[in-house]
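Colleague: Based on the sequences and whatever the hints tell you, model everything.
Top line first, the protein sequences correspond to chains A and B.
Residue 340 in our numbering sits at position 340 of the first sequence, and the numbers go up by one each step.
Every number in our numbering is 1000 more than the matching position in the second sequence, counting from 1.
Calculated from the structure, these hints are not laboratory results.
Among the hints, a few may not be true.
Sample of chain A residues facing chain B (criterion: CB under 7 Å; computed from the structure) [what the hints assert, rightly or not]: (1) I140; (2) I160; (3) V161.
Because the structure is a prediction, the values reported are computed rather than measured.
Just so you know, even glycine gets a beta-carbon here, dropped at the ideal spot from N, CA and C.
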Amino acid sequence: MTTPIESAANEQAHLEEQAQPGESRRGRLTERWDHLERWQQWGFLALGGALVFFLPVINPPILSTEPANDFPIACANMAIYALAALGLNVVVGQAGLLDLGYIGFFAVGAYVTALWTSDDSTFVHIPYLWTLPLAAIVTIAFGIALGVPTLRLRGDYLAIVTLGFGEIIRLLATIVPALQGQTGFKNVGSPPGTASDGTKLFAINNGTPWYWLTVALIVLLMLLLGNLERSRVGRAWIATREDEDAAEVMGVPTFKFKVWAFAIGAALGGLSGALFGGLNGFVNNQKFDVQTSMLFLAAVVLGGAGNKFGAILGGAFVAYLPLRFTGIAEYKYLIFGVTLVTLMIFRPQGLLGARNHLLAYAGRARDWLAQRERHPQHHQSSQKEGRT
Amino acid sequence: MTADDSWVSLNWSALGDGFLGATFDGLTFGSIYALVALGYTLVYGVLNLMNFAHSEVFITGAYAVVFTLSALGFGASVPNLAWYEIVLNLVLACAAAMAAAAGVAFLIERIAYRPLRKRGASRLAFLITAIGMSFVVQNIYFVWRSANAEPSVTMFENRAIFDIGGTLIYLDQVIIVTAALIMMIGVDQLIQRTRLGRGIRAVAQDPDTATLMGVNRERIIVLTFVIGGVLAGAAALFYVMKVPSGVVYNGGFILGIKAFTAAVLGGIGNVRGALLGGLLLGVIGNYGQILLGNGQWTDVVAFVVLILVLMVRPEGILGSNLAKVRA
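Modeller: And the structure:
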């Protein structure tokens, strides 16, 4: 990925040699994919899509989280985490803002749903589906409220402030009586609809409809985000991420677009939180700690920051791993940590590297030049991936 | 909501009455934060890494303290020993904690960060590895000791030794603040005056140039982790002194977050900033707790103050560069 820098800074050339085969294998795969006809690509995508869509129904034996955890519910959790990671990817991956308090938005979303649908709440009750846009709107307000004063900060200072924000939200959920602390809210609402046998479709013990709802939302939001990323906004984000000062000098109002990123990320976080509240049917202050927030960040980086598909993969993975190993409950987070460290050591750029849409045209031009010059090693897959 | 307005009420008279006591207690906790914060700050200085696994280095020290003291015969009741015996035992426990914490810090560096450095990984990858390591170490303790807190040990009979206008100053407060201050000054002098310190500052300022000038960067990094571990070990002794029931597998995490906040508040990568940030955080948190009348408020107040300070001074109170700090 960063061959020139690595080779300059790195005295251990042999390590790089080891890294090479993996890179080129991946390069070959990308190349083969590029040489497929358009309809073949779509065919594979459709097949993959169908597999993803019917995942809870198929319940593949080795992948399955049963008997410890119901697989469709695990799938729904994975989808919800994937949605959250998708949102955080806008903030961290696209705009390059390190956000360790993303759980705060997730919590706000869950509490919005709980406050407006739960039997334990004295608020006006509204249908569950209305709380989804409401959660998004409320979290956007929170995102702007957090972003406007703090987005002057850079890097790790921003990280710690956002972490503080997440903690404040959690502590307020404990302190403020209206939010009921650990007692929490039971009977959080769910979407309407009954199955053919008259039972409720979106029941707590049935993850599949929740999964489908979340996946549908993810697909929709990915289309929207994809458009956004290819627009002026997305280019401004990437410019800000790569070099904030340079972007500012070149006339990009970086602050404005950082707030944008924060608001959009927050909205997706709130949405996933609302789904999380609905799926569990119960919301209290326990699930919204710093560690979960770090898991979201881990999901994004693990998948490959800046890559939507990567974020979704990472989110699903982060949710999946502890659920898969609940059978050996004591060790599940140990396994999780070891996996995290190992993956980062062997694939520091994440499972799927970043796709850089900004460089798409430049990258294609460079590829073309490289082909003419027959200069094999110099041009890495990251540029080829820039193809849209 | 009107019925619930009472959840936030400002009790100024309580703050007025308890002001001095809160200050002393805040300084005590602040010293502990500051010692742990130094570990964050030093590593941040040389590696630009938020080492989230440092909280686990700290809790390692706390476990070492409890185990050592239990082995030496300390228990829940006040030990019936002569003062020099107690001091000797405490020094022993402190040494064990320092050794254990430094050892774990060293191992974490070796296992998790060195391979990443060799591969020239991005900062985000380092951050995630740090989080992963934190999970790993924490859950090793979880698997080993389960979720229960270790039985508390009483180290000595805590008594008031000064009386300032009705506010008592206790023995443990004096010990902790004095010892922590001495250690902080020691580290500051180490950074400012010794050859090692010059190396650390050089690596913090410009790793490549420092390497060209003959500084062994790897050695500096390892030593930085070890120094951070030693300080965390000392902090662990004081922590067990103040919070005997706090030694749980995840007990380091929250304290780590607060210590990290302290480091950022003072200006991360800045040794004196860590001291200032730690003490400030301890004191302000205590004031907030008394003013608002609930222990939960400590952290909220601390984080709000952090946000407010960073809005005015985006790089912390003393600025962030380890290399720029002058004597």
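Colleague: Confirm or reject each hint.
Modeller: Hint-by-hint comparison with the structure:
{"no.": "1", "hint": "I140", "in the structure": "violated, 20 Å"}
{"no.": "2", "hint": "I160", "in the structure": "holds, 5 Å"}
{"no.": "3", "hint": "V161", "in the structure": "holds, 5 Å"}
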